[in-house]
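Novice: Next come the chains, spelled out residue by residue.
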Amino acid sequence: MELFWLEHKKLWQRGSVKISVLLCFVYIVIFGSILSFQWFSFGSSNDHTSAFGNYFDGYSQIRKCQEYSLEYGGSLTDETLQQMVRDYQRIGEAGMEAELEKTDQSIINGWLGTLYPELRDESIYQTMTSYVDTKKLTGFYERRQQAIETFLENSGQTGAEREYLLSMEGKVEKPFRYEWVEGWSQILGSTVAEMGIVIALFLAIVLSGLFAGEWHNNTSSLVLTTKNGWEKIAVAKIFTGLLFALELFAVLSIGSIGAQLFFLGTAGWDMPIQAIKLIAIAPMNMLQAEIYEYAFTLLGAIGFAGIVMLISAAVKNNVQALLLSLAVVYGPMMIDQYLPYGAQMALDLLPFVGSGADIFRTNTFHFFGRIIWSPYLLLVVPALIGVVCMPVAVMRWARRMRA
Amino acid sequence: MELSLDRLTKHYGSKIAVDCVSAVFQPGVYGLLGANGAGKTTLLRMLCAILEATSGEVFLDGKEVTSMGAAYRDTLGYLPQDFGYYPGYTAMEFLLYISALKGIPNNIARKRAKELLEVVGLENVAGRKIKTFSGGMKQRVGIAQALLNNPGILILDEPTAGLDPKERVRFRNLLSDYAGDKIVILSTHIVSDIEAIADKVLLMKKGKFVLQGTVSELIRKVDGKVWELEVSPEEAREWQAKATVANLRHEGKQIVLRIISDSMPAKKAVLCEAALEDLYLYYFPTEEGVQ
Chain A
1 MELFWLEHKK LWQRGSVKIS VLLCFVYIVI FGSILSFQWF SFGSSNDHTS
51 AFGNYFDGYS QIRKCQEYSL EYGGSLTDET LQQMVRDYQR IGEAGMEAEL
101 EKTDQSIING WLGTLYPELR DESIYQTMTS YVDTKKLTGF YERRQQAIET
151 FLENSGQTGA EREYLLSMEG KVEKPFRYEW VEGWSQILGS TVAEMGIVIA
201 LFLAIVLSGL FAGEWHNNTS SLVLTTKNGW EKIAVAKIFT GLLFALELFA
251 VLSIGSIGAQ LFFLGTAGWD MPIQAIKLIA IAPMNMLQAE IYEYAFTLLG
301 AIGFAGIVML ISAAVKNNVQ ALLLSLAVVY GPMMIDQYLP YGAQMALDLL
351 PFVGSGADIF RTNTFHFFGR IIWSPYLLLV VPALIGVVCM PVAVMRWARR
401 MRA
Chain B
1001 MELSLDRLTK HYGSKIAVDC VSAVFQPGVY GLLGANGAGK TTLLRMLCAI
1051 LEATSGEVFL DGKEVTSMGA AYRDTLGYLP QDFGYYPGYT AMEFLLYISA
1101 LKGIPNNIAR KRAKELLEVV GLENVAGRKI KTFSGGMKQR VGIAQALLNN
1151 PGILILDEPT AGLDPKERVR FRNLLSDYAG DKIVILSTHI VSDIEAIADK
1201 VLLMKKGKFV LQGTVSELIR KVDGKVWELE VSPEEAREWQ AKATVANLRH
1251 EGKQIVLRII SDSMPAKKAV LCEAALEDLY LYYFPTEEGV Q
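The listed protein sequences derive, respectively, from chains A and B. When we follow the working numbering, the leftmost residue of the first sequence carries the number 1, and every step to the right adds one. When we follow the working numbering, the leftmost residue of the second sequence carries the number 1001, and every step to the right adds one.
For reference, chain B alone in the conformation it holds in the complex:
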């Protein structure tokens, strides 16, 4: 299975949301990393064929996806960024409804819905209305619905938003188990999620892929650019204003800053091991969206 994007572009009036993006996805987990407004959601919606591209095309195994229609959607599992649900439905009813939309026969759907509710840890509340669920529980229902048809292409837009740390770990494990021979694309600005599960990372900025590669390949891009510097609290404030500070740690009365910089920021600075978050901050030093 191969999903490819050929010069995919989306304009909203004069604003360019996605700018001539090309990529090839083969089975594996892909992390789409970018700040808010980088064009991730727009790109994913075009991948799902629910948003028309201004130009460019998406192909699945050489066939243009919009012309494939239902056959393409049959291979798709999608969790939108703002996952919506029907407030009057229970978790089980909701999954059965989405199963019907996905064309899954009723007897199979019931079994599959039960299994997935167990997988996402909601089996004990299957009969409860979704409107009574916490944000994390709702998100887990969203993840379950995306997996109902055992999709070959799984597209998840901010899947871990609203999940607590334990739920995030459970989700990562679930995704790792699931991936295998499937294409999984997840967008997030939670760097640690990508770092933990993505085989390949695509860094998106202003509608373009600015970097692509495995986590270790990308981290190498900022090798030699991450420094630690011990300063006083007053100096720390100055450094935060003039440099990209990835982290700030108190050690006694002093503060240890983690600074991203092409050159040694100060004589006392010590070079340290880079992480994906450092890469993110290197490319998005002034934009919001990092956690």
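Chain A with its partners taken away, still in its complex shape:
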């Protein structure tokens, strides 16, 4: 235990670790959450003096949006959709552009594009919300069902797989609860979903030196001639790496959730995720989806930490360990799109290569005749890979020195 705390202290004594965590916090929490809510994403528009074109008033703007959405009764039906679109058009016609910002315009426009494509007029440059005939916005849930079935057919998902996905969809409660969606869309589609990519970079920077650093510092032979220098220190290093992954995750998630609670509150937590992406089939509400995405990030971090530590134990050079670690996550991301679908799916199982946003998709894995919805495996497999890497890292560390 003492070794573990000493190793942990040693890790945090490195300047690069402190700088990495600070940069990560600034990027994810300060820029990705606080400034994004207050300025980049939700500040009211038309500030021509600002680089982003927005005023620094996201907090009050978000409240206006949330209050406005409550006017539609909390339930999404043909009538409420028609009313929302009608109100949007009325405000637009009255020239009250600033008022338009409190509507869920981009979300509603997405719904219209998905469910009522025949109403799109290519000759009009404005969004569909501003010109569609509201009387034609009927059969919302029937059309949605049709859209899902068409999508599955186009994706080649037929037979048992189709039945599996549709039975999952059948558990989605209808009509959907509705409150302001844009904030949740930002969190689930961007803030949390992309957190892993940044965490991967900084985990690689910090943990690639965990074992390899002993060669970098010329301390390996010293360490390995001590009583506990073979396995015990390696185990302490593994737990240190794991704890660091948890600490980094905790710092970022607590910061992000704190910012979320401050700016958005908890309103709309029980809306289904279908409010963000209509053809999603998962019976999940926003809160469940957020928990999933955070769990995905946490388990991905554990998995990736395991891989980085294995690489660090297997090579004797910090830079080599860093580059190999980065290649494990960013390499597949770069080549993914050029590979066959099966290979893409397999690579997605590597930590952080897949996406937590798969809960909005209908991807599946087939194992020995069983169909498994991809988010289940994307959650479990990366962590398992990491767990398998950890004892191998201990063995590599012990063996490497005697070569």
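Quick caveat, the hints were computed from the structure, so don't treat them as lab data. Take every hint as true, because none was put in to throw you off.
Using C-beta positions, here's what the derived DEER-type ranges look like: (1) B/Gly1121 / A/His216: 27 to 37 Å; (2) B/Lys1114 / A/Leu243: 22 to 32 Å; (3) B/Pro1233 / A/His216: 43 to 53 Å; (4) A/Arg14 / B/Gly1121: 23 to 33 Å; (5) B/Ile1108 / A/Asp270: 54 to 64 Å; (6) B/Pro1087 / A/Ala327: 19 to 29 Å; (7) A/Arg14 / B/Lys1111: 23 to 33 Å; (8) B/Asp1006 / A/Arg14: 40 to 50 Å.
The beta-carbon is built from N, C-alpha and C at its ideal position, and this holds for glycine as well.
Since the structure of chain A is provided, determine the placement of chain B on it from the hints.
Specialist: The following block gives chain B in isolation, referenced to the frame of chain A:
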């Protein structure tokens, strides 16, 4: 306590670093003397069980050391040639960290680290980061860490490298005090260190022990082979090219050369008393590494 090497060999590809070396070490100070590349560090790393031998074995009291694992490492203190440290650590933090690696309980470790910092003369800078230390101070931290667990076998690879003369004397005294019933093996190419403290010297050349014995026994090997010759500066240059010259001393306009030679190099040459350095030069006349 007895540490023995049985036909210990290490190959790196086609290069033979240590060639079928056998020896027995009992309590005392052993000086491993050899030029750079003679195989000293490779041998010491195998003794520490951090480098696998190509063939041969190391035994401690009849037990093969790699099979002893932690029990063997518990008896070991090691100062590697390129002593590494963690730049962000203070001297005290570093010693406490190594103590933990050596399995020394925290309360004992703190006391022992304090004592050793005093012994190596670093007690006033215990709280300073090692990266701010001079080369000699860092080396003293290295010596202190090797002694933390009061090891029965102390292996020091070039321990006096980077130490100034005063620090070297302090180190020699420290080692003499420490040795007692312990096995101390130190490798160096600084002959005077060995001469001052080693009970027994092992001369290593091309991976083999070419000579073993006490300092006086070894010096006897070159008795009658060390000469002094007074020459002009021009002649001195010629002698340096054609003979092994151990020393060169100006006396007025003339130069007195110390020449190692099996036979009298010149009629004017005078036989003189041999030293360990002469033996070293006798065996390594063309190789680097003597100071």
